[in-house]
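S.K.: Residues per chain, in single letters:
2 protein chains.
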Amino acid sequence: MSDCPFCVKLADLSSVAADEMVWRFPESVALLGPWQRYTGYCILVSRRHACELSQLTVGGRHSFLDEMAQLARAIESAFAPRKMNYELLGNQVPHLHWHLFPRPHDDDDPLRPVWFAIDRAERDDAERTELRTGTLPRMEIIARLRTHLLRIAGGES
Amino acid sequence: MSDCPFCVKLADLSSVAADEMVWRFPESVALLGPWQRYTGYCILVSRRHACELSQLTVGGRHSFLDEMAQLARAIESAFAPRKMNYELLGNQVPHLHWHLFPRPHDDDDPLRPVWFAIDRAERDDAERTELRTGTLPRMEIIARLRTHLLRIAGGES
Chain V
1 MSDCPFCVKL ADLSSVAADE MVWRFPESVA LLGPWQRYTG YCILVSRRHA
51 CELSQLTVGG RHSFLDEMAQ LARAIESAFA PRKMNYELLG NQVPHLHWHL
101 FPRPHDDDDP LRPVWFAIDR AERDDAERTE LRTGTLPRME IIARLRTHLL
151 RIAGGES
Chain Z
1 MSDCPFCVKL ADLSSVAADE MVWRFPESVA LLGPWQRYTG YCILVSRRHA
51 CELSQLTVGG RHSFLDEMAQ LARAIESAFA PRKMNYELLG NQVPHLHWHL
101 FPRPHDDDDP LRPVWFAIDR AERDDAERTE LRTGTLPRME IIARLRTHLL
151 RIAGGES
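So the protein sequences, as listed, match chains V and Z.
My numbering puts the first sequence at residues 1 to 157.
My numbering puts the second sequence at residues 1 to 157.
Check before you lean on any hint, since a few could be wrong.
Identical chains share a label here; the pair holds if one copy fits it or two copies do between them.
[Said to hold, decoys possible] 20 Å max Cα-Cα, derived SDA-like pairs, lysine to any residue:
{"hint": "1", "residue 1": "K83", "residue 2": "R112"}
{"hint": "2", "residue 1": "K83", "residue 2": "P5"}
{"hint": "3", "residue 1": "K83", "residue 2": "I43"}
{"hint": "4", "residue 1": "K83", "residue 2": "P94"}
{"hint": "5", "residue 1": "K83", "residue 2": "H49"}
{"hint": "6", "residue 1": "K83", "residue 2": "L56"}
{"hint": "7", "residue 1": "K9", "residue 2": "R48"}
{"hint": "8", "residue 1": "K9", "residue 2": "I43"}
Derived by calculation from the structure, the hints in this document are not laboratory data.
Quick caveat: nothing in here was measured; it's all calculated off a predicted structure.
Work out the full structure, taking the sequences as your base and the hints as a guide.
M.R.: Spelled out as structure tokens, the structure:
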């Protein structure tokens, strides 16, 4: 759909920045998210334009959720977070996408969802810079995720 | 585990309040959540004590996620929300549980996650009462969910 930002992005994957593209699954594409204070945070975007899981076929849903689980496992293996957070919201952009947030052991606000910190970051330059900055360069984070994805999801990237 | 509140609750399902118990799936139990301003909001608790999806067997994970999808579909069928939000967090209670929030068409804060409204509700009596109060009595919400679950998930309740 021409007015859907994820459809526009997925229509030309070769133009996705190298420090954003993580993995091409059969049913979805994994992108490195902006908030790398949560080192390894990814957004998993369905290749199919649908706005609810219930709009997928049963087989399509199974594959999409398997890919979610594989990506989460790679994030866990690579960065050993205290806890994984999975969120499929779509309140602003309804095209199906999972936020997979690894919550680090030194999280500043460990008991609450990430959205409070992100809300502050969106209104404050210093907070934004801190939340965008991971413990590693983005290309290194992607390289580590791919090492684990190769094992977990097979040879495709 | 004796110090896990969900394990304690699931160990004696007969003691769960009638206006909280929605459905007994093979791998999980659906409970009506407190914040019924999001009419139909459910918490789907894994019967197995695990803290990450990656700790389930592949078959166990498939079943748990199928039950999540069935419950979400029942919520959608019963209450026709603007958007479904799925969240598996576990930052406070790690035992696997999905929050399934139907976002209503007259949501006061439709573009943001529910947690901002819930945070206000936890600090303000009037907001709390409003957020806990659905458009229907809790038993009626449960009855409507069960009608759809009977069709979607089969005869078991």
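S.K.: None of the hints should be skipped; say for each whether it holds.
M.R.: Structure-based check of all given hints:
1. K83 - R112: The answer is within: 12 Å in one copy meets 20 Å, while 22 Å across copies does not.
2. K83 - P5: The answer is between: 18 Å across copies meets 20 Å, while 29 Å in one copy does not.
3. K83 - I43: Both ways: K83 and I43 sit 17 Å apart in one copy and 19 Å across, limit 20 Å.
4. K83 - P94: Classified as between; 8 Å across copies, 26 Å inside a copy.
5. K83 - H49: between (29 Å within a copy, 15 Å between copies)
6. K83 - L56: between (28 Å within a copy, 15 Å between copies)
7. K9 - R48: within (12 Å within a copy, 39 Å between copies)
8. K9 - I43: within (13 Å within a copy, 33 Å between copies)
When each numbered hint is compared with the structure, no violation occurs for any of them.
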